[in-house]
Amino acid sequence: MENTIDTKKLILSKEDFGSDQMVKWCPGCGDHAILKSIENVFPEIGIPKEDFVVVSGIGCSSRFPYYMNTYGFHGIHGRAAVLATGVKLSNPKLSVWMISGDGDSMAIGGNHFIHIARRNLDINYLMFNNKIYGLTKGQYSPTTPKGSKTKTSPQGTFETPFNPGELVIGARGKFFARVVDTNLKLMTQVFRQAAEHKGTSIIEILANCVIFNNQVHALITGRETKDDSQIVLEAGKPMIFGADLDKGIVLRGTKLVVVEIGKDGITEADLLVHDPSDPDPGIHLMLANMAPPELPAALGVIRSVAAETLEEAMYESIEREKKTSKIKCVDDLLTGGGTWTID
Amino acid sequence: MTSKKDRVVELKKAVIRFAGDSGDGMQLTGSLFSDSTAFAGNDFATFPDYPSEIRAPQGTVSGVSGFQIHFGKVDIHTSGDLADVLVAMNPASLKANMNWITREAIIIVDSDTFTDKNLEKAGYKSDPLEDGTLTGHVVVKAPIGTMTKEAVSSLNLDNKTAQKSKNMFALGIVFYMFNRDYKPTFKFFEQKFKANPLIVEANKAVLTAGYYFGDTIEAFANTYKVEPADLAKGLYRNVTGNLATAWGLLAASERSGRKIFLGSYPITPATEILQELTKHKELSVIALQAEDEIAGIVSSIGASFTGSLAVTTTSGPGLSLKSEAIGLAVITELPIVIIDVQRGGPSTGLPTKSEQSDLYQALFGRNGEAPVIVMAALSPVDCFYAAYEASKLALEHMTPVILLTDGSIANGSEVFQIPKVADLLPIIPPIVPANDPDYKPYKRDLEKLSRRWALPGTPGLRHRLGGLEKDNVFGNVSSDPKNHQLMCELRQEKVNRVANYIPEQEVIGDDHSDVLMVSWGGTYGVMLTALEELRNEGKSVSLTHFKYIMPLPRNTREILSGYKKIVVCEINLGQFVNYLRMQIPEFNYLQYNKIQGLPFMVAELKDKVNELLNDL
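Protein chains in written order, with the working numbering: chain S, 1 to 343; chain X, 1 to 616.
Hints were generated in silico from the structure; no laboratory data involved. One or more of the hints may lead you astray.
Simulated crosslink set (BS3-like; lysine-lysine; CA at most 27 angstroms straight-line) [to be verified]:
(1) S:K93 with X:K279
(2) S:K326 with X:K192
(3) X:K420 with S:K326
The structure presented is a predicted model; accordingly, all values stated were derived computationally and were not measured.
Isolated chain X, as found in the complex (with noise of 0.2 angstroms):
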C-alpha cells in the first residue's frame, strides 16, 4: 500500500503508546490498532492507562488516558516497557509520558495543541517542540485539528463534531507507518456508527487523510513491517483479564452443571466482571448487585447452600469487608469462588493502579483457623483457566477459594486461543442424591476430606447449617473440646491436600543455576520476558513462577533447591517472600519489592539480577 516500499524497515516487536486528553478517545484509537494488529496475524498484549477521575481537568497532565499496545512476529508476554513510538494528542500527554518512550522513540504530536495556553496549562515553561527537550528523537508535527477540520469540510460538519474524528487522523498516521491496512477499520465505523452515516463517512475522510498524510510529508525515514506471529494453527480472539475470567467462569458453570450466582458490588477494577456476568442471562447467570460487599458475598453464601456455583468478586478493601462472611463458607465448608482484582492499598489506596497488595489478607484475613484455597491469575488469558480452575476447586473440595488477579492483568489485553468447552476438564461436585441413607452433614471423603453437597428441596436430605462450630460427621452444635480441635485439622487438611489435586510446580530454566527467580500472579508476563532475555545474554538464570499459593505445589521444597540465590520479585513489600520463609524456611530468599502503582519493567529485573550475579 505504501508508495515507499524500499524503505520498509522489519521489526521483531514494537510498542506504541496513545496519549492524550481522556475526552480524545484514545482507549478506542488504541482497540482499533489492536483489531488491525491482529488482523495482521501479530501476537500482542495492551495495557490502558487512565485516571480514576472520569473527566480531569482538560488539557491537564492528572487528565491524560493513554493506551499502550507491544505487538510483534515474536511472543509477547507483556504490553511493553517503554514506547518505541508515542502519539501525544496535547502538550500534556507529551509531558505525562516523557519518562515512557525510549530516547529513540518516534513522537507524533497535534501540533495545533501547542498553544501558550495549553503549554501553561500542562505545567510547561517553554515550548518542548522548540526547545531542545526532544532532541534525539523523530519528531512529526502535525496539524491534525486543522487537518481533521479540512478532511470533512465537503460533510458540513460543525466543528466540535469534525474535532471528534481527530484521533482518527492519529491512528491514520500511525497505520502508515506501519505499513497496515485501513479499510478494515471502515468496516468497524459503519457498524459503530451505523445511525449517523455522516459519521461514518466523517471517520473514513479522517483516517485516510491522516494515512496519506504520512505519505505525503515524507518525514519518516522509514515505514515499519512487523511480520506475523508464529501462533499454532486456531480461533483466536483479543481479551483483558476481566473478560476472561467472567467467561472462566462460565465455562465451570457449564461444565459443573451448575448456574452461576454472582453477588458482588461495584468497585474497581472488578466491575467488568459484574458487567460481564450480568449480560449473560441467557446462560442462567443471576447476578445481584448488592447493596455492599457483604451483601455480595454473604447472598453467594445462600445461593451455595442451595446449589449455584456462588461467586463474588471484589477488590481489596471489599474483600476487607467480606471477611467475615468467607469465615462462614469455612466453617459451613460451602463452595465459593472470591475474586479479588488487587488494586494499590491499603484503604481506598489507589483505586486505578495495579499492585500485589492483598496475598496476607487472602491467606490470613479472618478470626479464627480460616483456611482457603488460595491462588493467583498470571496474565490476562489466563484469568479463563484460573477462574475455571478456582470452580472446580472449590465445587469438587467443598471450599471457598480465593483467586487474586490485579489491574494490569484485568485490564491489559492479550491474544487468546480460544478452547472448546468440551475440551476443560471435568468439573464433578458432590451432590447427594435423594434420601441417601449415608447422608450425614458432616461425613466426609476419605480421599478429598470434603464433605458432601445436600440441596434443599432434595427429600431425605434436611440438616442445618451455620456459623456455630458443628460436630464431625453428623453437624450439630458442639462446642467439645476435642471435636473443635479436630474440625479445625480437618478444615485445614482438607485444603493442605489439594496440593494433590493441582499441577507440580514446575522451573524455566535449569534445574540449577546462579539465580532462580521467583514471583507469582500477575507478573508472570514480564518475569518471563527478563528470563528470556537474560539467558539469550547467556546468563545462569531460572524462573519459577507460581499460580497455587495456598496449598503450595507439592514439590515447591525441592524445586526451590539447587540455586546458589534465590531472589522473589514482588509487587509488594514482600508478602510472598514471607510467606515461603513461614513454610519453607531452609531457603535464603532474597527479594526485589516495587510499590510504585507501576508494573515491572523487564530493564529493571534484569539490572537486579545481573547485580546479583556480579555479587556471585
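Next up, chain S with everything else stripped away, as it sits in the complex (with noise of 0.2 angstroms):
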C-alpha cells in the first residue's frame, strides 16, 4: 500500500511529466529550478506516471500542478495538507506529492500543517519558503524576519516568525529537510531521500523571490558567503563545513557551537556525527534552528525517523475487521439485533 520503490525502474524520463501548459513564473524565480529538479526525480522513482498526484494550495508556488502532466489538484489557500490527506487515504497506492509556500503552509494553513505532520501519512510535501507573500505583490509572512518592510509593514514587521523545522518537530513530525533552490543537485537528492521515506516528508525550500524578497536568502545561497553561512549534513557524517572544510559543529554544555578544526587540539572525532534517525528530536531541532551569522544553516535531511504511517494504521484496521466482524454486507448491519417480525 505504501509507495514500493521499485528497483528496476520503469522506463520514464522528465518528458512523461512535462506539461503543454506556459509556465508562468517571473523569470529568475527560484520556482522554476524547482520545477526541473521534480522533473528529474520523477521518472526514477519507479512507479508508473499515472499513479502520481500533485496537490496543491494558492499562491505562486502552488501554480505547480499545472506545470506537471501528473494527476493534480491546484486547491484552495491553506487547505493542500488536508486535500492531499484525503487523497491518500482513499488511494495510498498513489504518490502524492504537495506543494505549498511559506503563506499557505504557515498562516491560513498553520493548523493543518502541525497536523499533517502528527498523522503522518506518506506524503512529499515541499515547502516554498521565500518569506513574502508573491502572488498577492509583496506582504509579509510568518516567515518573514522581524523588522522586515514590506508593503504590510511600512515600518518593520513587529511578529516573530515561525521557523518551519522547529513547527514540524514541536508537532512531532518524522521528517524534515532543508535545501536551497540555487542547489538542484542536493534538491534533486533530498527530494529523492523523501519519495523513500515513508511518512510526511517536509522539505523547506529557500526560494528565491526575485520580485518581492529579492536575495532574502543571499547570505546562506551567495556564493561569497554560502561555504561559511551553510552546512550540508550527510547521515553518519560528522559535521564539517567551510570553504576549506575546516569548519565544524559540537555540543558544548546544551547548546551547539562552531568549532575550527586543529585549533585548541580538537579534530574531526570530536565533532558531532549526525544521526537523522534519531526518535530523540533534541538535536534535530537545534540543528533546524541554526543560522548565521552565528551558526551555519543545516541543509539535508536533518531528520528522518521511521513509524507507522495514518494509512497503515487504518487499511490494517480495515483489514482485521473484515476478516473477524460478521457484517459482511450492509444486509446483515441492517438485520443484525434489535429487530422484530411482524407476520
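Using the hints, put the two chains back together into the complex; each one sits in its own frame.
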C-alpha cells in the first residue's frame, strides 16, 4: 500500500512529466529550478506515471500542478495538506506530492500543517519558503524576519516569525529537510530521500522571490558567503563545513557551537555525527534552528525517523475488521440485532 | 398478566414522557419502553430531550432530561404533542414538564424526592403535590427511593448502587399501566450487565417491584392497552435519524462500489453519524476525524478526486466554515455529500434544539455562482433513503449535494421497515475506463451535463483540477470572458436538470381545496398528522411537503395552483417561502413560522389552518 520504490525502474523520462501549459512564474524565480528538479526525480521513483498526484494550495508555488503532466489538484488557500490527506487515505497506492508556500502553510494553513506532520501520512510536502506573499504582491508572511519592511509592514514587522523546521518537530513530525533553490543537485537528492521515506516528508525549500524579496536568502546561498553560512548534513558523517572544510559543529553544554578543526586540539572525532534517524528530536531541533551568522544554516535531511503511517494503521484495521466482523454487507448490518418481525 | 382485566381500556394511541435528573437514566428507561412497544407490535416514534450540559446542576430545572414516546395502533408520524402520562423522578422534572402534558394526564412521581430542599432547587414555593397545582390530574405518589431500597434489601448492595435502579421501578409501574410483559426486559439486563450478576438481579427485582406496586396500590382507575398496529409484513427495527443517515450512506457505498470517505469534525447534533460510520471498518469506511470543519470537507474533496463516496457531516456553524470548500467542489464538479443536521442559530445558537435554520445557507451561502443540489430528509426513517438518494445524485451528476436533516429527526426515532439493499435503485457513477481516447476533463454527458470521473492511478487520463476557472471540455485554466459565462451557465443548468431525475411533487389531499399547507424537511410527521386530523374533521385542506428543494420538482408550479390559500409552515422566519416567492412568484404565499427551538405542535398547526379557513 505504501510507495514501493521499484529497483528495476520503469523507463520514464522527464518528458513524461512536462506539461503543455505555459509556465507563468517570473523570469529568475527560484520555482523554475524546483520544477526542473522534480521533473528529474519523478522518472526515477519507479512507479507508473499515472500513480503520481500533485496537490497544491494557493500562491505562486501552488501553480505547480498545472506545470506537471500528472494527476493534479490546485486547491484552495491553506488547505493543500488536507486535500492531500484525502487523496492518500482514499488511495494509498498513489505517490502524493504536495506543493505549498510559507503563507499557504504557515499562516492560513497553519492548523493543517501541524496536523499532517503529526498524522504521518506518506506524503511528500514541498514548502517553498520565500518569506513573502508573492502572488498578492509583497506583504509579509509568518516566516518574514522580524523588522522587515514590506507593503503591510512599512515600519518593519513587529512579529516573531516561525521557523518551519521547529514547527515540524514541535508537531512531532518524522521527516524534515531543508534545501536551497540554487542547489539543484542537493534538491534532487533530498527529494529522492523524501520519496523513499515512508511518512510525511516535509521539505523547506529556501526559494528566492526576485520581485518582492530578492536576495532574502543571500547570506545562505550567495557565492561569497554560502560556504561559511550553510552546512549540508549527511547521515553518519561528522558535521563539517566551510570553504576549506575546516569548521565543525560540536555540542558544548546544551548548545551547538562552531569550532575550528586543528585549533585547541579539536579533531574530526570531536565533532557531532549526524543521525537523522534518532527519534529523540533534541539535536534535530537545534540543527533546524541554526542560523547565520553565529551558526551555519543546516541543509539536507535533518530528521528522518521511521514510524507507522496513518494509512497503514487505518487499512490494517479495515483488513482486521473484515476478517473478524460478522457484518459482511449492509443487509447484515440492518438486520443484525434489535429487530422484530410482523407476520 | 394483570389482575384487573375488567378495567382495561383500549387506546388507539398514547404519549408517555419519562423525565428525571440528567443522571437518573431516563434515556435508558425510555429506550427500554420503546423495545417493549416494538414487542407489543405498535407503531411508535420517540424523541429525547436533554440539556446541552452533560451534568447540569442536580435537582434543577435546567438539569432535567426527558424521553417521550408516542405509540399506537394507528400510524404514528411524530413523537406526540402533549404527554398522557408523565413520569417525574423529582420536583424539577415535574416543573419542567407541566407545559408538555395534557390537562388530564396521569402523573407518576417519586414522592421521596419532594423534600423541602429539592422543592427549593426546582423553584417551587410550596409542594405541588399538596397545593392544588395538579388538580385535574391523576397523581400517583410512589415512594420510589424507599421501595427500590426494599426491593434489593436481600442483595446487600450499598444504597448508592441500589438507587441507580430507581428508574426501573418507574418503568415497572408504567409496564403495569399498559399491560406490558416485563420479562423480555430481563433479557436486556442479562446482556447489558453480564459482568455483574448482582446488578442484573437488582434491576429485575426493582422492575418487578414497580410492576406489583402498580397492581397493589389501586391508584389507577383503569389500565390501558394499545393493540398492535396494522403494519405491513416484514422485518422491523427502531432507528434514529442519525443512525439511518449513516446506514443510507453505507447502502449507497455498497451499491455504487465506492468506499465511503468521511471527513468530519464532531458537532452537535451531527456527531452520531461520524461515530456510527467510523465503527464500520468491516464495510471499508475510511473515517477521518479532522482537525476542523474545513479539513473535514477538504479531505473529502481529495478523496472524491480519488474515487471515494465522499461525505462530510456537520451542523449550521460547521456548514459556514465549509462554504469556500463547497465552491471548490462545485467548480471541480466532483461528487460530495454534505450532511447538515440543522440546529438553532445563528452562531452557536441552540446546539441541542432543532430548527430549519440553514436553507438559505445551503442554497446561497457561497461566493460566485455556486449551485448545488439541496434536499431535506422528512423523518428519522427517511434519513436512510435521503442519504442514499443524495449519494446517488452526487455520484451520477458529479456535483455536491447538501442534505439537510435536523436535530428533531436526527435524535428522534421511529419504526423502520428494513429494506433489502438490492431493492434500492442502482447507482452508476460515470467512471472513465483506462486510456479512453475520448476522455476530456470537462467533456459532458449531453443529458445530465455532468462531466466524467477519471480516477488517479488510471492510465491515460492524467488531468489537473482546481479552483481556477477552466475552459469547457479541455479543462485548462481559462479567464476567457465567454468561457466563464458558459461554464457558470453549464454548472447551473446541470443542477437544474436534476429535476428530470427526481420524483414529481405530490399533494396529500385534493387537487383543489380551500387551504394548501406547504412544508419541507423534518416537519413532515407533524404536518401529516395535522392534515389527517383536519381532513377527518371535514376541512378542505391539502398538504404538499418538499424533500427536493434545489432543484424543485418539475411539477411544483402546477401543484401549487388550485388552492384558495397557500400557507408555508416552517421552523424559521420564512426561508422556504421566500425561495418559493423567488422561484414561482405568481402565487400569494401566506406563512406560519415558529422559531423557539421546539417542533410544531399538531394543535397549533390546526389552529392556524382553521383561522385561515374561517377568514375565507
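Worksheet entry | Hint consistency between K326 of chain S and K192 of chain X [alpha-carbon to alpha-carbon, up to 27 angstroms] | holds (20 angstroms)
Worksheet item: Are the Cα positions of K420 of chain X and K326 of chain S separated by 27 angstroms at most?
Response: holds (18 angstroms)
Worksheet item: Quick one, are K93 of chain S and K279 of chain X close enough, alpha carbons at most 27 angstroms?
Response: holds (24 angstroms)
No hint from the list above goes unmet by this structure.
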